[in-house]
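Undergrad: What follows is the residue order along each chain.
Number of protein chains: 2
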Amino acid sequence: MDSTYPSFEHRLKDNAGKIEALLNRLLADASLDDEIVRPARLLSAMRHGVLNGGKRLRPFLVLESAALLGGDADAALRIAAALECVHCYSLVHDDLPAMDDDNLRRGQPTVHIAYDYATAILAGDSLLTYAFDIIAAPETQLPADRKMALVLALSRAAGIGGMAGGQALDLAAEKETPDESGITTLQAMKTGALIRFACEAGAIIAGASDEDRKRLRLFGEKTGLAFQLADDLLDLTADAATMGKATGKDAARGKGTLVGLHGQEWAEATVSRLVTEAGDLLSGYGDKANILIETARFVANRRN
Amino acid sequence: MDSTYPSFEHRLKDNAGKIEALLNRLLADASLDDEIVRPARLLSAMRHGVLNGGKRLRPFLVLESAALLGGDADAALRIAAALECVHCYSLVHDDLPAMDDDNLRRGQPTVHIAYDYATAILAGDSLLTYAFDIIAAPETQLPADRKMALVLALSRAAGIGGMAGGQALDLAAEKETPDESGITTLQAMKTGALIRFACEAGAIIAGASDEDRKRLRLFGEKTGLAFQLADDLLDLTADAATMGKATGKDAARGKGTLVGLHGQEWAEATVSRLVTEAGDLLSGYGDKANILIETARFVANRRN
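Top to bottom, those sequences are chains A and B.
Just so we're aligned, residue 1 is where the first sequence starts under our numbering, counting upward by one.
Just so we're aligned, residue 1 is where the second sequence starts under our numbering, counting upward by one.
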């Protein structure tokens, strides 16, 4: 599937490089302001949590959504970096022993392993806080009302009604398996909210109409659902490959996911449907929208 | 000393009641938006961390600074509530076992004791995030450029260059005692930054001149320094009372504080000087500034 989108893959990598470079600069040792002291160890932990060579999918969606609607590319890059700080803060905190207790991420020790538990908590806190700094800073050249809309949408996507709330539901789900509606809500909050924000952000940056904004938001919602289902399918395939078990039994094992409830076939069909629906939403934009549509496809078919 | 300021104390309590009521409403079970789900246990943990009957000193400074410069009282109340969410998030995270490991706060179990470790992390994260939601929300009726200035100033006060960075320095200070300049930086960041923001926020809310804003910011800085010295003095007195030790020996024990370095007498003189300087900064505003000046005095002379 990968080779079907050579230009897409190139663009994804190219944008990831730009985001990485900006994040590297924003989190550089040299303070942006002589008055501001940034404790070295904490800054280093933040860098460890952020500069990890991720795919930068969420930033990519910000950049391409903004490009579709004519948003300023430099501003979009900064908003994309802010969003990535929020995503990475959530990974740093989710990896903590009290949460998912992961020692490795992308083959590297997680922040609380490479540093210590307290530093990991503070690095996550500081990354989350810094995201809002990046948006509000004068270097982000956008009208104040658009910045405000971005702060509001991001805080809702990331907070108790979004990602953080989704993580709380996910922890609760380990004790009591949620029903279908519970799973859907959990996933829409935990992973869906930031992906939806990424697409909506492009429209906000561009100062697009409410209609465009809603359309991009819905595109992000469907892409987020496809992302999560693809994730659950990947888990299943990985388990099947590793354990040498039949996929049918594996599906039964996958409690707490829609794949577990409805099976692999249903999930694959649903992913296809979501990608088609996401693409249809953008049909009015013509060829310009191809890259976003390919992103939805990529998300749905990714192998890692 | 308490009885010297009856009207001040009354006003402090009155404003604390208003803040408590607003926070209670903002963190009510009923969602503000039907689309937004707020997981009950996480919301309850956030309430536990916030609705604890604190003095609400930082919100008070926001309200009174805004009042001094003619800022809208309703908007100021919402910004004050946002700031209190940030302050309370920091307490929830600082109390965690990996940080200061406190089981009690204001006689109540801390959030990770009353709930669990993961929920306390997420409650802190969600409170921090929610602060920016409150500022950006349409219910906060301020021009977008003022909201933006508030987001920027708050994120800098709370982040790696402010409170979170100060907490990182504080944890490091347990292993290696900082020198005088290190202690000053640590305290200015850990406790000073939010107090300074509180005063500056009032000026931003009021759309005050740069000069007024700088003056309020400096007033907040001096008040913050007095606050911290008073805190260190309180520790000293409490220890002396509890342990029955002479205060002279106690001062020697107080490593990592300016009181420890320079002694009680110096600290008391410095607190007095800071309060006078803070008051002088506001002399041009006449009687209107009395309440803020009394706040600086209250902070410097508080007994808990």
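If you are wondering where the hints come from, they were derived from the structure by calculation, not from laboratory data.
Mixed in with the good hints there might be a few duds.
[What the hints assert, rightly or not] If you anchor each label on the Cβ, the simulated ranges turn out as follows:
1) B:Leu-104 - A:Gly-182: 46 to 56 Å
2) A:Gln-108 - B:Gly-17: 24 to 34 Å
3) A:Asp-235 - B:Gln-141: 38 to 48 Å
4) A:Ala-28 - B:Pro-97: 50 to 60 Å
5) A:Pro-143 - B:Glu-268: 45 to 55 Å
6) A:Ser-181 - B:Thr-237: 30 to 40 Å
Ideal Cβ placement from N, Cα and C applies to all residues, glycine included.
Undergrad: Each hint needs a verdict: does it hold in this structure or not?
TA: Each hint, compared with the structure:
1. B:Leu-104 - A:Gly-182: 46 to 56 Å: 35 Å Cβ-Cβ, so the 46 to 56 Å window is violated.
2. A:Gln-108 - B:Gly-17: 24 to 34 Å: Violated, at about 50 Å.
3. A:Asp-235 - B:Gln-141: 38 to 48 Å: holds, 47 Å
4. A:Ala-28 - B:Pro-97: 50 to 60 Å: violated, 32 Å
5. A:Pro-143 - B:Glu-268: 45 to 55 Å: About 50 Å separates the Cβ atoms of Pro-143 (chain A) and Glu-268 (chain B), which means 45 to 55 Å holds.
6. A:Ser-181 - B:Thr-237: 30 to 40 Å: Taking Cβ atoms as reference, Ser-181 (chain A) and Thr-237 (chain B) lie about 57 Å apart, which means the hint is violated.
Consistency with the previously given hints fails for numbers 1, 2, 4 and 6, ordered from lowest to highest.
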